[in-house]
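Peer 1: What follows is the residue order along each chain.
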Amino acid sequence: MPRIRWARVGLATAPWLFIAAAYVLLPDYLPLGAQIMIMILFALSLDLIVGYAGLVSLGHAAFFGVGAYAAGLLARHTAADPLIGLAVGALAGAVLGLASGALVLRTRGLTFLMLTLSVVFVLHEIANRAVFLTGGDDGLQGMTVPPILGLWRFDMFGRTAYVYTALVLLACWLALVHLVDSPFGRSLVGIRENEIRMRSLGAPVFRRVLAAYTVSAALAGIAGALSAQTTQFVALKSISFSLSAEILIMLILGGVGRLYGAFLGPAVYMVAQDAFAKGDPVFWSFWIGVVLIVVVLAGRNGVIGVIEDIARRLRKADHP
Amino acid sequence: MPKLTPNRRHVITATAAGVASLAMPAIAQTRTVKVGLLLTYSGPFAATGDLGDKGARLYEKLHGAPAPGIKLEVVRRDEGGANPDTAKRLVQELIIRDKVSLLAGIQWTPNAAAVAPLCTEAKMPLIISNAGGASITRMSPYIARVSFTVWQFGYPMGVWAAKQGYKRGYTMVADYVPGHDGEQGFIKGFKEGGGEVIGSVRTPLQNPDFVPFLLRVKDAKPDCLFVFSPGGPQATAVVKTFASLQLKEAGIQLMGSGDLVGEEELPNMGDAVIGTLSAHHYSAAAKRPENEQFIAEWKKEYGPGSVPNSFSVGAWDAMAAVYHVVKNQPGGIDPEKTIALLKGWTHASPRGPIMIDPVERDIVQNIYIRRTEKVGSGYVSTEFETVPMLKDPWKASNPPT
Amino acid sequence: MSEILVQALSVFLHGLAYGMVLFLISVGLSITMGLMGFVNLAHGAFAMLGGYVAVTLMLRAGVGYPAAVLLAAAATALVSVVLERTLYSRLYDAPELPQVLMTIGLVFVASAAARYVWGPLAQPLQLPSYLAGALQLGAFSFPIYRLVLIAIGLAGAFALWLGLERTLFGARIRAAVDNRRMAESVGIDSHRLFTVTFAIGSALAAVGGGLGADLLAISPAYAEEYLVYFMIVVSVGGLGTIRGPFFAAILLGVIDTTAKYLVPQSGAIVIFLATFVVLFWRPQGLLGRAGAVK
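Top to bottom, those sequences are chains B, L and H. Note that my numbering has the first sequence beginning at 1, numbered continuously upward. Note that my numbering has the second sequence beginning at 321, numbered continuously upward. Note that my numbering has the third sequence beginning at 722, numbered continuously upward.
Mixed in with the good hints, there may be bad ones.
[What the hints assert, rightly or not] To be clear about the criterion: a stretch of chain L counts as covered by chain H if any three or more of its residues have a C-beta under 8 Å from a C-beta of chain H, and this derived list gives those stretches: (1) 466-472; (2) 584-595; (3) 635-649; (4) 686-700.
[As the list claims (entries may be wrong)] If we take Cβ atoms under 7 Å as the criterion, some of the chain L residues that face chain H in the derived model are: (5) 395; (6) 442; (7) 532; (8) 564; (9) 566; (10) 668.
What the hints contain is simulated information worked out from the structure, not anything from laboratory work. Values in this document were obtained by computation on a predicted structure and should not be read as measured data. Backbone N, C-alpha and C fix where the C-beta goes; we use that ideal spot for every residue, glycine too.
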């Protein structure tokens, strides 16, 4: 018994210990570390709707992007504290999530997929064309992000960005765990497994799913805002289909519906990309495609799925 | 065996010390200077990055070490296209992880704009080998440019066109800063010469379909069309669509910056490109000794079928600038000294004489008006008029506040 | 007045030509998605392969344009059968997510492979001399190549419609699209039907890719770049029919070209907004068979 208890505690704190250790041991890689944590937050938000509510969206970057542009514009035109930027990003994401969700969540399957695609494409085109607002293809620049709470300046080495991102991630993570473990979270799983049954039980399916969608969009908006603030830049890619596909891939590689998959997937993907993609991007793209096909056909749930299989086998060995 | 008397011991010790002291300077003096080179090695514009890289490599090969005891290590990174966030991240890593002393390259204006604040914060000199947005050199005191500004193409083209008697101009440019620069430059030059610009349209930078735009141009009935294209397959698409929609037959003269008729794309355009006019700083067909020597070395290294273009010359001259600053700082690279060395630097480039403006740190060079013609089985852009030592017209009319 | 008419006709016909290319490429996707309910985001890769093979045959082997396109179609059909048997068939009864992901993976692999083999640039296409030039009718001129595209698209649509409505094979497809289980219980081997349909659909996509190479440039980014347009045609048109993608493709082509002509700054916003509106109003597409159940 105690061994499993230690394993659980270890599992819960491991990512955070690692994040703290990396700050000390890998000072040259802090900008990369911050980017990974931002993608982790983004993947977590996607996991809420894909893993828990069972909806496949190819347009999730729409929320990331509006959060990024909102925080970016705030930083460019005002001297507001970055924490306000986060709130603005969350709000922008949530508003878009609520508005689009009210429409697209009435559909499922291919239509849902296409509607989410259309949303991200329309927004991408608008961002592309509204050059006076977003900088278009050149991206949003000229942001000066003031020091956090007037105390901590964003430095070139990424130290402030790293700690800031880690704390925001922690806060969002705690909120998400609380949500997933609540009756609301369990009803989401119920909806994913058997929607018709849930309806017949009288569960307000549409409202629940819309609430989850809105929360997910808000979290993605925070991730976008973090990205804008830590790089002082918003690329057009922030609001694109290709980013939506990329975050879905990162989530799958890590594992869906387990929240920790959202930690492993982006970490593995981005570290590998940093190591291999610089030399030969063609090579990288090819092998990611192969890995994706293999992972999907293997039927396990990404890295988390493999770990769970092993854990299950170990437990069986303990209790034959 | 003779005994090791004190005298002999002294001699041996002295000899050993003498030998050691001869060896010491050689070991101490081999210093490595790291230079970060950012070009576009992947994506649709990879061919331009490849030609740039070839130019840089050729310069290194032909000139060896910049100075005795100094070794140059070039760290290459891939911008992948107009990706400002990627460029920024790569430069951050080059500065923090790879600890380079100098930066060179950067093909795209948005990338340069994203990287400029880093250059200022880290005091990192950047020698731009391509990006052409006019205001770039004002974004950081540590940026110098050896390539061109798009105003240096648009403005003289406009002036020349008006002088030739063209009256109704139309512009079609890619929707990003260099495109806007090209548009504004042409309009200013054309209007100054007495012409009228009856319409302007901006095309998306990614995956444009030129048919609706060129139909619109044709229906407006101008007598000349100025195009700014980022080059590569897009330029080919413009030229071919222009021909297939019969704009030339409708009496419209196609003209543009040299990117419209880059040497590497000309074979793909076919006869559609004949008669196109362009304003540019470099043409591989130019007859001057520096260029002929450059072409000869190029073909010797890369094969008779390979042709350099403006990207090649930009990278070549960037390396020349790197060598200049490294050679003149034997003790170590100091950012302020580097910029001081670049200001006012003159050089005989394959394109003609060039100079770095001591105030704006921007390129000053000859601009040539060319016509693309069929010569034998290939196409060349032949220079027939020269605008000598042109400073960037935008900066000339927009002095720093 | 007549000048505006000439301009409008010109814009319309250009849009129509674009639509015909989209139709040829997307019709296979519509049928296979209606048949098997398989979300195949890699469909554009077959059009891309067709384009590459056709252009390579023309450039390196001096094959004529029509022959090159037909050979490319055959080669693509072969490749599609191999992929279908090895990869696609494993995920027929899987939920959407694995299907979406596997086909995205396939797109990455196809793009990287194309870049490796043919380089990153768009392939140069030299149209044969009988296709170059334009048709002149007074003030109106229109490129012959695009007229040919329109003609082939219309002929192809008619031939496919005949095939679907008048042949036994077509009847089997229609039955399986309407209700797969019933069709199977009547003895129709839906898996083999799907393999053959998939091959035909991919071959058609290859034809669209090869013929449309002057409109949709053949480059390694092809499958990703144009994916959204094929998906729009299929979802707006409705799954499982010929009529659906036919009219959707025409609408998409004409609206897109007209919008860019009248308001160049709007770009593709009009198309994506229109798609959203249509799908929201009619989730099964304009002409979709509402009974297409997985």
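Peer 1: All the hints need checking, so say for each whether the structure fits it.
Peer 2: The hints, checked one at a time:
no. : hint    : in the structure
1   : 466-472 : violated (count 0)
2   : 584-595 : holds (count 3)
3   : 635-649 : violated (count 0)
4   : 686-700 : violated (count 0)
5   : 395     : violated, 22 Å
6   : 442     : violated, 32 Å
7   : 532     : holds, 4 Å
8   : 564     : holds, 5 Å
9   : 566     : holds, 6 Å
10  : 668     : violated, 33 Å
The structure does not agree with the numbered hints 1, 3, 4, 5, 6, 10 stated previously, though it agrees with the rest.
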